[in-house]
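Peer 1: Listed here are the chains, written in short residue letters.
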Amino acid sequence: MPINSEHFNTKDMKLITAIIRETQLDKVREALIEADIKRITVCRVSGHGQQRVEEMYRGQIIVPDLIPKIKIEIAVNEAFVKITVDTILKSARSNGPDGKVGDGKIFITPLEECIRIRTGERGGSAI
Amino acid sequence: MEHIWKRSLVLLVLLLAGTTGVYASDGAAIDTGATAWMLTSTALVLLMVPGLALFYGGLVRTKNVLGTMMHSFVAMGIISILWVIVGYSMSFGSNVLGGWFGWNSDYFFLKGIDTNVMDAGVPEYVFSMFQGKFAIITPALIAGAIAERVSFKAYCFFIALWSILVYDPLCHWVWASDGFLFNIGSKGAIDFAGGTVVHISAGVSGLVAALYLGARRGYPYQVIRPNNMVIVMLGAGLLWVGWFGFNAGSSISSGLSTAQALVATQVAAAAGALTWIIIEGVHQGKATALGFASGILAGLVAVTPAAGVVQPYGAVALGILASLLCYMAIQLKNKLGYDDSLDAFGIHGIGGIVGAILLVFFIRPSWMSEAATAAGGSWSVWNQLGVQALAVGLAVVYAAVMTFVIIFLLNKVMRFKSSEEEEMAGLDKSYHGERGYGMLNAN
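Chains A and B, in that order, give the protein sequences. Each residue of the first sequence is one higher than the last, beginning at 1301 in this note's numbering. Each residue of the second sequence is one higher than the last, beginning at 323 in this note's numbering.
Incorrect hints may have been included.
So, partial list: chain A residues that the calculated Cβ filter (under 8 Å) puts toward chain B [to be verified]:
1) D1326
2) E1355
3) Q1360
4) I1362
In the SDA-like style, the derived pairs of lysine to any residue whose C-alpha atoms are separated by at most 20 Å in a straight line are [stated by the list, open to error]:
5) A/K1327 / B/A747
6) A/K1400 / A/D1326
7) A/K1327 / B/E742
In silico negatives: residues of chain B with every beta carbon more than 10 Å from chain A [said to hold, decoys possible]:
8) T362
9) L369
10) N417
11) F502
12) G540
13) Q544
14) V563
15) I601
16) S691
17) F730
18) M746
19) A747
20) G748
21) K751
No lab work stands behind these hints: they were computed from the structure. Cβ coordinates follow ideal geometry from the N, Cα and C atoms, glycine included.
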């Protein structure tokens, strides 16, 4: 059973977490697939950032406390961090290349370990 | 300027008004039994529209659930009003413009039928409302072919124009006493409850609209799946229940012919549903809930033109044949790659054609002998087949051409297809500013 691949070191793995607009999900996914990033986890979240949304409810303006967003999590080896981030930056912006408040954020955190459940394989090759 | 408008409006009303009151009650007595059943049927057919809203609404993605349900609901608003103003008159008035449609100034705003009782012993108000429900559901069926990608405003204009230019003339040809398809051949083209008028016209128009608009963004490589199969099943169930009003109500009586239509409807739906899951079981290894629901609809659609003339074995046969052919049509659609999103053509177009054509092989003997008498000697299955084929062919061509013209012209004035941004955000957010659910289900 391989413990670590020769090419990848455990400490060089990152977890990329992106909070994006719901409406951009399809575009981001298409772009990631195009860039050969195919292993992702997606969930619906709600939160609050700089963006302020006004909605109408029965003719009255309301400002929702929490705005629905999509969270994408991608675990990658160091070599893929740049392409992943660039791809998300390009595809998650609404309103053309300039973007708009509310387009979201990307967080990158070091990833201590990655284990494939089926094989018990660890590290970069398990990603 | 304003008084000119007012004056011409008054003039228009006077012109359309004709002679009010002359045709008031014709003295026929009200048959309370028939009237009670027709009132019930009217309510049942209306129930099919929210049923359709649930059926279509469940099949689309979460972001489009409300917009899709609104396609059905807004038809209840628009077509009800249009029907009272011109629809009933254009459908059931006397031939005008060479029989293209009908007109009767008494039917304008239904103002001349306040006290009318029809020969069947049913107040004409009831009949007009019963027919009005058919006019509502027909354009709503088209929405299934162009789901998830049409502008709400353009859709509203489309169904209004379609109802006036396609539904009302077709309804007149097939069901009005002086309609030319009603009188063709020995006993007319058989369309008991709307195989050609409702299902073929809606299915074919849906196909034309879907081809004209093009596919949804991401179709077919992106997987597009139903957001809620539970409401799909609920909708299919309501459609089945409502169909008893649709078919058994179309006898405009409460008697033997009502009972005959009722039985044919029940067994055709059952045969269609079972056939579909058996085909699926053999072909894909699993019987799906959506397959059962699709089979119910295929069977019901096929028996709609036939319910008045076939016996139970014929209804079973039509249900089986409809499911078989609709299933094949949907497989073919997947191969050809056009985006008839919720299979409005695959089920209503194909199912309607199957029913309207193949019913000739299952007509009850008493009908055939009456037809032979009316034809003055003999009338064969093949004679009737020719009549049915002509009616179907005309409905297909007329609906296809007119739908194309309507969309082509409408597109000059406003954008019919959603923009990419609107489609990505979903109909609910783009056109209604609402969400169907809380935070459930990604996508």
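Peer 1: Does each hint hold? Answer for all of them.
Peer 2: A quick look at each hint next to the structure:
1. D1326: holds, 6 Å
2. E1355: Hint on A/E1355: holds, closest Cβ of chain B at ~7 Å, below 8 Å.
3. Q1360: violated, 12 Å
4. I1362: It is violated, given that the least Cβ distance between A/I1362 and chain B is near 11 Å, above 8 Å.
5. A/K1327 / B/A747: holds, 11 Å
6. A/K1400 / A/D1326: With a Cα-Cα distance of about 18 Å, the restraint between A/K1400 and A/D1326 holds, given a limit of 20 Å.
7. A/K1327 / B/E742: holds, 11 Å
8. T362: holds, 35 Å
9. L369: holds, 27 Å
10. N417: Since the minimum Cβ distance to chain A is about 48 Å, B/N417 lies beyond 10 Å and the statement holds.
11. F502: Holds, since 50 Å exceeds 10 Å.
12. G540: For B/G540, whose nearest Cβ neighbour in chain A is about 6 Å away, the distance does not exceed 10 Å, so it is violated.
13. Q544: violated, 7 Å
14. V563: holds, 33 Å
15. I601: Its Cβ never comes within 10 Å of chain A, the nearest being 33 Å, so this holds.
16. S691: holds, 62 Å
17. F730: Holds, since 30 Å exceeds 10 Å.
18. M746: Not fine: 5 Å to the nearest Cβ puts B/M746 too close to chain A.
19. A747: Nearest chain A Cβ is 4 Å from B/A747, so the label is violated.
20. G748: Nearest chain A Cβ is 8 Å from B/G748, so the label is violated.
21. K751: Label violated. Min Cβ-Cβ 8 Å, cutoff 10 Å.
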